[in-house]
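So the sequences go chain by chain: A and B. Counting in our numbering, the first sequence runs from 1 upward without gaps. Counting in our numbering, the second sequence runs from 1 upward without gaps.
To be clear, the hints were calculated from the coordinates, so they are not data collected in a lab. Errors might be hidden in some of the hints.
[As the list claims (entries may be wrong)] Have a look at the derived ranges for each label pair, beta carbon to beta carbon:
#1 B:203 x A:85: 22 to 32 Å
#2 B:190 x A:115: 20 to 30 Å
#3 B:207 x A:187: 23 to 33 Å
#4 B:99 x A:190: 31 to 41 Å
#5 A:59 x B:99: 49 to 59 Å
#6 A:143 x B:4: 52 to 62 Å
#7 B:83 x A:143: 25 to 35 Å
#8 B:148 x A:107: 26 to 36 Å
[Stated by the list, open to error] Covered by chain B, per the in silico footprint, the following chain A stretches (three or more residues, Cβ under 8 Å):
#9 42-48
#10 92-103
#11 175-187
[As the list claims (entries may be wrong)] Calculated cross-link-like contacts (lysine-lysine; reagent style BS3-like; alpha-carbon spacing at most 27 Å):
#12 A:107 x B:107
#13 B:107 x A:223
#14 A:67 x B:62
Beta carbons are placed, not taken as given, at the ideal position from N, Cα and C, and that holds for glycine.
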Amino acid sequence: MKKQVVTPLFIGIGLLVGIIFSLQFRAKPIGSGSFPLERLEIQKELLTEYSVEQQELKQRIEEADEKLQEARALIERQTSPQTLNELDRLRAAAGFTAVEGSGIRVKLSDNPGVSRRGFSSVNENFVQASDVRDLVNSLFLKDARAVSINGNRVMPLTSIQPVADNLLVGNFFEIAPFVIEAVGDPDALEEAVETIRSRKIRVFADVVDSLKLEPVESRRTLKFLKLHE
Amino acid sequence: MNKNKAIILIAIIIGVLLALQYRSFREIELLVQRTEPENIFTELRVFQVANKQLRANLDVTKRALDETQSKLSREAIDEEIQRLKLLSGEQTVSGEGIEVTFDAAVKTFWLNDLISQLVVTGAEAVAINDVRLLDRTAGFRDIGDGILMRRYFLRPPFKITAIGPRTEMQSAIAQSGGIVDRIEDANPTLKIIVAEREKIIIPAFNEESSQ
Chain A
1 MKKQVVTPLF
11 IGIGLLVGII
21 FSLQFRAKPI
31 GSGSFPLERL
41 EIQKELLTEY
51 SVEQQELKQR
61 IEEADEKLQE
71 ARALIERQTS
81 PQTLNELDRL
91 RAAAGFTAVE
101 GSGIRVKLSD
111 NPGVSRRGFS
121 SVNENFVQAS
131 DVRDLVNSLF
141 LKDARAVSIN
151 GNRVMPLTSI
161 QPVADNLLVG
171 NFFEIAPFVI
181 EAVGDPDALE
191 EAVETIRSRK
201 IRVFADVVDS
211 LKLEPVESRR
221 TLKFLKLHE
Chain B
1 MNKNKAIILI
11 AIIIGVLLAL
21 QYRSFREIEL
31 LVQRTEPENI
41 FTELRVFQVA
51 NKQLRANLDV
61 TKRALDETQS
71 KLSREAIDEE
81 IQRLKLLSGE
91 QTVSGEGIEV
101 TFDAAVKTFW
111 LNDLISQLVV
121 TGAEAVAIND
131 VRLLDRTAGF
141 RDIGDGILMR
151 RYFLRPPFKI
161 TAIGPRTEMQ
171 SAIAQSGGIV
181 DRIEDANPTL
191 KIIVAEREKI
201 IIPAFNEESS
211 Q
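Work out the full structure, taking the sequences as your base and the hints as a guide.
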């Protein structure tokens with residue numbers, strides 16, 4: 001009688017274990033999305049159009065910026081040392097100076113089991129904007145003196161947003177893999193990287209003896225910010 | 001006796017597997033809550049707006065070049081100093097904006113997600129409990145029922161203030177399915193109040209008070 005009860009119980013447990021194993025280990029990552037094809041095409045066309053437009057704009061901004069720096073350098077030569085010191089001090093405080101020193105370089109790339117072809121739904125195997133945002137937060141928490149993503153310096157008020165499985169860092173469109181560089185104490189910065197090791201993406205971190213992160217100088221017009229009187 | 005041991009062992013294995021399964025689902029659920037796009041076209045619109053801002057940046061740079069070349073040097077330098085004073089955090093700043101209040105602590109990544117959304121919508125300065133967000137104060141971590149903001153320990157309620165276009169910022173974060181909805185979905189007991197303000201004041205950053 002006891003055997004009649006125990007045997008089906010074991011079979012039942014065996015089946016349950018099998019099902020759980022299947023769910024846990026055999027589930028395939030979502031490789032691509034299920035958006036209707038027509039919409040995908042329109043989205044891809046728009047993405048390409050905006051990317052091309054952005055490349056052109058970036059080049060024109062760089063050229064204009066270079067001329068502006070030259071004009072400013074001319075003016076600064078005629079300015080008193082005190083005023084120049086004040087200018088340099090404020091630039092440093094606002095984060096508009098290059099930062100050099102040792103640090104780390106982290107490369108975030110997708111899990112090799114997935115592909116970014118087409119547009120995907122949210123997929124834990126892709127590097128998400130939130131992964132990059134979390135890493136940047138952890139690096140600042142560990143006293144990073146400066147951080148950049150794919151060569152773009154990021155400040156605490158630089159937004160990191162998803163755009164069609166890629167990133168918009170500030171106003172700049174960036175595609176995976178994402179290389180994040182940070183200047184600061186390498187040991188502390190390596191601890192910061194641990195915060196995203198549990199994700200299903202690939203994370204490579206290297207200590208770098210000498211890094212130079214160029215400044216960002218936003219030309220954004222400040223429409224609302226005033227000195228408080 | 002041996003059978004009992006085997007059943008206990010199997011029960012433990014099932015328990016562990018169920019826990020792993022549950023955790024795996026929770027992680028995916030959280031990722032979806034944080035990152036699932038409401039609409040891919042909304043994301044593309046953000047890209048379009050970014051290009052628009054870059055065009056505006058180009059115009060500003062060109063104008064700055066013309067002005068720098070034509071103005072008296074002192075005037076150009078003074079304007080630059082004024083602009084840097086606003087951005088450096090060394091002075092108290094004010095302007096229209098919004099105030100977002102959380103009555104309790106949340107996982108700090110939600111703060112980063114919220115701030116990122118505010119910046120995209122035009123925030124020019126942000127503070128949490130009057131500590132201005134700068135490269136010297138950035139970096140959040142949960143600690144018990146409080147939040148560590150680099151070296152500042154902040155206690156609830158948490159007040160996030162942002163200076164910028166108040167109506168746009170309010171609409172962006174408080175829209176249905178927006179960041180505030182997502183935070184509330186993930187934290188059902190949390191109360192979040194979003195309010196537009198004619199004047200937000202963000203105090204100057206005081207290096208010494210963070211030590």
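Going down the list of hints, with the structure as the test:
Between residue 203 of chain B and residue 85 of chain A the beta carbons are some 25 Å apart, a value that agrees with the proposed interval 22 to 32 Å. The hinted range of 20 to 30 Å is not satisfied by residue 190 of chain B and residue 115 of chain A, whose Cβ atoms lie roughly 37 Å apart. For the hinted restraint 23 to 33 Å between residue 207 of chain B and residue 187 of chain A, the CB-CB distance of approximately 24 Å keeps it satisfied. Between residue 99 of chain B and residue 190 of chain A, the C-beta spacing of about 37 Å keeps the proposed range 31 to 41 Å intact.
With their beta carbons about 40 Å apart, residue 59 of chain A and residue 99 of chain B fall outside the hinted range of 49 to 59 Å. Taking the beta carbon of each, residue 143 of chain A and residue 4 of chain B are about 55 Å apart, inside 52 to 62 Å as hinted. In this structure the supplied range 25 to 35 Å holds for residue 83 of chain B paired with residue 143 of chain A, their Cβ-Cβ distance being about 27 Å. Evaluation of the 26 to 36 Å hint for residue 148 of chain B and residue 107 of chain A yields a pass: the beta carbon distance comes to about 28 Å.
Coverage of the stretch 42-48 of chain A by chain B holds [criterion: at least 3 residues with CB-CB distance below 8 Å; count 3]. Only when three residues or more bring their CB closer than 8 Å to a CB of chain B does the claim for the stretch 92-103 of chain A stand; here the count is 4, and the claim holds. Taking a C-beta to C-beta cut-off of 8 Å, the stretch 175-187 of chain A contributes 0 residues in contact with chain B, too few for the three needed, and the coverage statement is violated. Restraint check for residue 107 of chain A and residue 107 of chain B: satisfied, since their Cα atoms lie roughly 25 Å apart, inside the 27 Å limit.
Under the criterion of a C-alpha separation no larger than 27 Å, the hint pairing residue 107 of chain B with residue 223 of chain A is inconsistent with the structure, at around 32 Å. With a C-alpha separation of about 9 Å, the suggested pair residue 67 of chain A and residue 62 of chain B falls inside the 27 Å cut-off, and the hint holds.
The earlier numbered hints that this structure contradicts are 2, 5, 11, 13.
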